[in-house]
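If you read the sequences in order, they're chains A and B.
Here the numbering used here is used: the first residue of the first sequence is 1, the next is one more, and so on.
Here the numbering used here is used: the first residue of the second sequence is 1, the next is one more, and so on.
Please keep in mind that the hints were generated in silico from the structure rather than gathered at the bench.
Among these hints, one or two may not hold up.
To be verified - Among the chain A residues that face chain B by a calculated CB cut under 8 angstroms, a handful are: (1) 65; (2) 218; (3) 315; (4) 316; (5) 317; (6) 679; (7) 682; (8) 683; (9) 684; (10) 690; (11) 702; (12) 703; (13) 704; (14) 813; (15) 828; (16) 829.
If you're wondering where the values come from, they're calculated on a predicted model, not measured in any experiment.
We treat Cβ as the ideally placed atom computed from N, Cα and C, and that holds for glycine.
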Amino acid sequence: MADQGQKNRPDPDKLLQLAARETRGKLTVFLGAAPGVGKTYAMLLRARRLKEDGADIVIGLAETHGRVETAELLDGLEGISRKQINYRGKVLEEFDIDAAIARRPKILVVDELAHTNVPGSRHPKRYQDIEELLWQGIDVWTAMNVQHLESLSDVVASITGVTVREIVPDIVLKRADDVLLVDLPPAELIARLKEGRVYLPGNAERAAEGFFKPANLTALRELALRRAADRVDDQMIDLLRQNAIEGPWATGERLLVCVGPDSLSEKVVRTASRLASGLNARWLVVSLTQTNDAGSDTSQRLDKLLNLAERLGAETRRVIAQDFVEEIFRIARRENVTQIVVGRPKSARFANPFRRSLPDEIIKRFTDIGVHIVTGEEQGTPYVPPSMRKRTRLELAKAIALPIVATGVTTLLGLAASDIVHAQNLSMLFLVAVILSAMICGRLSAMVAAGLAFVFYNFFFLEPLHDLSIAKPHQLFSLIIFLGVALMIGDLAGRLRDQVARSRNQAKNTQALYEFSRKLSGTARLDDVLISTASHLHSTFGTGVVILMPYDGELSLQTAWPPDQTLDGTDMTAVRWAYEKNERAGSDTATLPQIGWQFLPILTSNGVAGVLGLSTRDRAALSENDDRMLTAILDQTAIAIDRAQLVRENAKTAALQESDKLHTALFSSLSHDLKTPLASITGAVTTLRQLGSRIKADTRDDLLVSIEEEAGRLNRFVANLFDMTRIEAGTLKANNLPVDAAEIILSSIERTKKLKPGIAIDTSIASDLPMVSGDASLLGQTLFNLLDNATKYAGDGPIAVYAKQDGPEVAISITDQGRGIPPKDLDKIFDKFYRRVKGDGRAPGTGLGLSISRGFIESMGGTIKAESPAIRKRGTRFIVRLPVANSGDEATP
Amino acid sequence: MNQRRILVVDDEPQIQRFLNPALTASGYEVILAATGAEAERLAATSAPDLIILDLGLPDKDGKEVIETVRAFSEVPIIVLSARDREAEKIASLDLGANDYVEKPFGIGELLARIRTALRQYAAGTSVPSRFEANGLVVDMVKRVVTRNGEEMHLTRKEYQLLVHLVLHAGMVVTHRQLLASVWGAAHVHDLQYLRVFVGQLRAKIEDDANNPQFIRTEAGVGYRFIAE
């Protein structure tokens with residue numbers, strides 16, 4: 001069966017993963033349930049054994065925590081000394097990643113995978129150091145306790161009551177090539193603790209009492225065992241797939257996890273993660289929204305959530321859909337989902353149709369798929385509407401002061417007008433104050449104003465006056481209505497204001513982006529694109545900007561704005577990181593956060609084209625809004641770079657095609673010009689030899705003459721080619737001396753007449769023609785070429801040759817009376833191999849004569865140009881101008 | 001016997017300068033044309049027995065001349081060109097030229113080609129029933145091929161291929177022409193068939209298939225059956 005055959009083939013993806021793993025270093029994790037189980041000891045013991053077998057194993061860092069038996073193991077093992085880092089006046093020791101990479105051992109031992117590095121290190125977290133080491137191809141052994149695993153952190157917290165701060169993403173453990181469980185029964189561990197053989201940092205002593213309880217330890221041990229067991233399963237399945245061994249494979253379970261922007265979703269993701277690893281299933285986290293509000297607060301919450309899911313090993317996907325249930329159904333079918341995980345909050349404080357009805361709808365819709373419902377209180381960071389957050393103190397003060405002033409003024413106005421206006425109508429005035437507050441300072445302000453209006457109105461205008469009590473029941477009713485209306489109007493006006501502010505902000509961003517893209521659209525050259533980008537970013541963020549792109553295999557500074565920006569070695573490390581890993585580096589990132597730059601990769605359709613750097617020395621971190629703006633600008637830049645590169649490629653291709661065309665023309669010309677004389681000679685010679693006896697004597701003579709002539713033609717052509725080569729190679733040196741131009745003109749005419757007997761040439765040379773500075777043989781050849789050219793195109797009329805002095809120059813003109821040259825071709829006739837085309841695409845002559853003439857004349861410091869028409873709308877005139885020789889130079893003949 | 005008349009079409013005076021006496025001395029009557037238009041006119045009015053045509057003409061492409069002449073006459077055309085481009089040659093042959101000679105050429109080579117073409121033309125449309133050359137006999141009535149008296153077993157395609165080649169013995173036959181006549185018009189681009197069958201045919205009729213005496217390859221153009 002074909003299907004069967006398919007199944008039995010090794011899974012190519014699995015093999016590829018294996019190949020990738022082979023160039024990458026191998027990660028071995030020694031996993032323990034709790035501190036003190038002996039991970040470091042086990043790791044070092046193993047290292048020693050390997051070392052004795054001759055392995056290249058080096059200790060990058062090992063925490064002995066003062067334990068003697070552990071420290072003893074370090075004897076005889078090569079170690080890398082720790083780096084001293086100055087942090088707030090204290091000197092701290094840290095793992096030296098650069099030294100480790102420089103040493104490049106086969107295997108490196110780096111203890112404490114979950115460690116957080118001292119600020120100022122390259123990466124904030126040790127697992128990132130280790131990731132880089134693996135990436136460099138170094139095998140790493142490391143150790144960690146199960147409670148540091150991200151997906152378990154909340155479970156551990158709920159079991160032990162201790163919140164773990166040092167967290168390792170699950171993906172690190174998942175990608176580890178080997179996980180070794182270091183196990184110790186809880187009773188023994190407690191015994192060791194009592195003997196003081198378990199190291200605990202000072203401040204953890206108190207927590208430890210609660211932590212090292214048999215119940216906790218048993219639970220943690222179970223977690224660790226289960227994780228290690230999962231790993232064994234994973235490896236088994238990988239092995240089966242690589243080797244095309246038929247199942248039973250994994251359960252084949254596939255989880256679909258539906259999340260939204262609510263706070264419960266985080267718990268849903270963590271629960272799903274545990275479920276997935278328990279089932280050994282692949283899981284897909286889908287975020288569902290109804291609109292594409294990229295950049296909004298909701299969207300950022302979802303980003304965070306999906307990032308968490310990815311770290312826990314999920315695939316993630318963002319889906320925009322109107323009908324969530326339908327979309328989930330579609331995804332579930334397409335992805336062969338077997339179980340769905342969805343959250344249902346116990347209390348629905350915020351109206352959210354998705355959350356309220358989704359689980360029920362899903363259960364109703366799916367009959368063959370298991371549905372897990374995660375329930376919970378709203379927890380973690382409660383969702384706060386954006387308008388209530390990020391208010392500075394000044395804004396808050398304003399938001400409270402304004403309603404006080406507004407309602408105060410209204411009260412005074414009301415008191416002044418109380419004689420003419422009925423007290424009941426004054427409520428309208430207070431509504432104005434509420435709306436005003438809402439418009440200017442937002443909803444909070446509106447609420448305050450509504451409350452104050454309620455109090456003032458009651459106090460100053462309702463019987464009994466100056467008292468908060470109310471005399472008449474109908475007034476109580478209208479007062480309550482007033483409060484309700486005020487609150488509603490205030491809320492509406494406030495919303496409106498927020499929306500207006502948001503739109504205005506958005507419009508501003510859009511406008512700026514539009515300006516930028518318009519600026520970019522006018523630039524086709526890469527340099528211009530880069531400079532536009534750098535200067536635009538500089539004016540937008542008021543900070544130094546650099547752009548680096550690869551040049552000759554090295555990333556080098558292409559543009560800087562202001563132009564005096566410099567980068568040091570550490571900066572360049574971050575640049576390379578950003579370029580190679582396609583992720584941000586530098587300040588506010590996980591890589592080299594202490595440097596004064598943030599580097600962002602510029603991702604084009606052809607991969608990372610370069611790196612953009614923003615100086616963070618003279619400004620605070622980018623706000624979320626700035627960051628969005630920056631991302632948008634980067635996208636635009638990437639498109640512009642793509643385009644510029646395309647334009648460049650196109651130009652290159654066009655130039656290549658042009659030169660290709662030239663080459664073709666050149667070869668057809670060479671082929672024709674060389675082969676025609678050769679054909680004549682060969683033909684004539686073979687005729688003479690084979691048929692000579694049958695040919696009359698005068699015909700034989702004619703054939704011999706033709707051989708001589710054709711040989712001469714070939715000779716001239718070859719000479720022309722050599723001249724051209726000399727001109728092109730720059731080896732042509734004119735031997736410039738004062739020469740008699742008249743003599744040279746006459747001898748050239750003589751030569752032409754010999755070749756073309758019967759040609760008519762009118763000559764007129766000024767009698768006072770001075771000597772010119774030039775090379776006699778080059779000038780002679782030039783004039784001959786021009787005359788030869790003229791005879792080819794002469795038509796019927798005679799060729800005219802004139803020479804006279806013209807200021808500091810002597811002008812020699814040669815005019816034919818042929819058809820002339822169209823003005824558009826006049827520039828081209830001096831080009832190499834350019835020939836005016838005949839009907840069959842072939843022209844007489846080699847196309848070299850004029851080109852060589854120009855080369856010669858220019859080497860003599862003269863000029864040559866062509867004019868057409870020359871006389872009565874016909875003919876072409878060539879004018880050669882050569883400098884008059886200084887009388888002082890005049891050499892005696 | 002009547003003097004054969006050859007129309008020489010070439011715009012290079014130096015080529016005409018030796019062709020004219022050489023052909024005359026070899027017993028042909030020569031008429032000259034320097035342009036395509038003149039060539040077409042003379043081909044129609046002066047009934048040449050053969051045309052020697054240079055592809056590079058001042059007024060039009062030589063291929064156009066072939067097309068025009070082929071519209072009214074089957075007179076043999078031998079193409080002469082300095083342009084040693086395969087595409088040119090093949091196009092000319094496919095348009096109906098009978099053979100080509102590359103410049104520069106010895107007069108002996110040209111005369112040999114002229115004789116072959118004239119002989120083929122004289123044989124006319126009547127297909128010979130028997131062909132014999134250097135011990136290879138193709139009997140087209142019995143459909144039997146013998147080599148030094150020994151009967152060869154050819155497949156149908158091999159036989160068709162051989163017959164097509166010997167009917168044009170001495171002249172080049174393009175890949176396209178062979179493919180069209182043996183495999184049909186739909187296969188004119190299936191050069192691979194041809195290579196394979198020519199290889200098989202050579203293995204059967206040649207003494208040494210790597211150094212063929214009968215079927216000679218005209219690189220990039222086609223094959224020529226050598227009868228002499």
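Taking the least C-beta to C-beta distance, is residue 702 of chain A closer than 8 angstroms to chain B?
The hint holds - residue 702 of chain A has a Cβ within 8 angstroms of chain B, the shortest such distance being about 7 angstroms.
Holds or violated: is the Cβ of residue 828 of chain A closer than 8 angstroms to a Cβ in chain B?
With a closest approach of 21 angstroms, the residue 828 of chain A hint is violated.
The hint names residue 704 of chain A as touching chain B; please verify it with the least Cβ-Cβ distance against 8 angstroms.
With a minimum Cβ separation of about 11 angstroms from chain B (threshold 8 angstroms), the hint on residue 704 of chain A is violated.
Classify the hint on residue 317 of chain A as holds or violated, based on whether any CB of chain B lies nearer than 8 angstroms to its CB.
At about 48 angstroms, which exceeds the 8 angstroms cut-off, the nearest Cβ of chain B leaves the hint on residue 317 of chain A violated.
Could you check if residue 684 of chain A really has its C-beta closer than 8 angstroms to a C-beta on chain B?
Where the cut-off is 8 angstroms and the nearest Cβ of chain B is about 4 angstroms from residue 684 of chain A, the hint holds.
Interface restraint verdict for residue 703 of chain A against chain B (beta-carbon cut-off 8 angstroms):
6 angstroms, holds
Under 8 angstroms is the threshold here; is the Cβ of residue 679 of chain A close enough to any Cβ of chain B for the hint to stand?
4 angstroms, holds
Hint check, residue 829 of chain A versus chain B [nearest Cβ-Cβ separation less than 8 angstroms]:
It is violated, given that the least Cβ distance between residue 829 of chain A and chain B is near 20 angstroms, above 8 angstroms.
Per-residue hint verdict: residue 65 of chain A, partner chain B, C-beta under 8 angstroms
76 angstroms, violated
Have a go at the residue 683 of chain A hint: is there a Cβ in chain B nearer than 8 angstroms to its own Cβ?
Holds. Min distance 4 angstroms.
Closest C-beta approach of residue 813 of chain A to chain B relative to 8 angstroms, hint status
30 angstroms, violated
Should the hint that residue 315 of chain A touches chain B count as held when the rule is a Cβ pair under 8 angstroms?
48 angstroms, violated
Taken one by one, the earlier hints fail for this structure at numbers 1, 2, 3, 4, 5, 13, 14, 15, 16, listed in ascending order.
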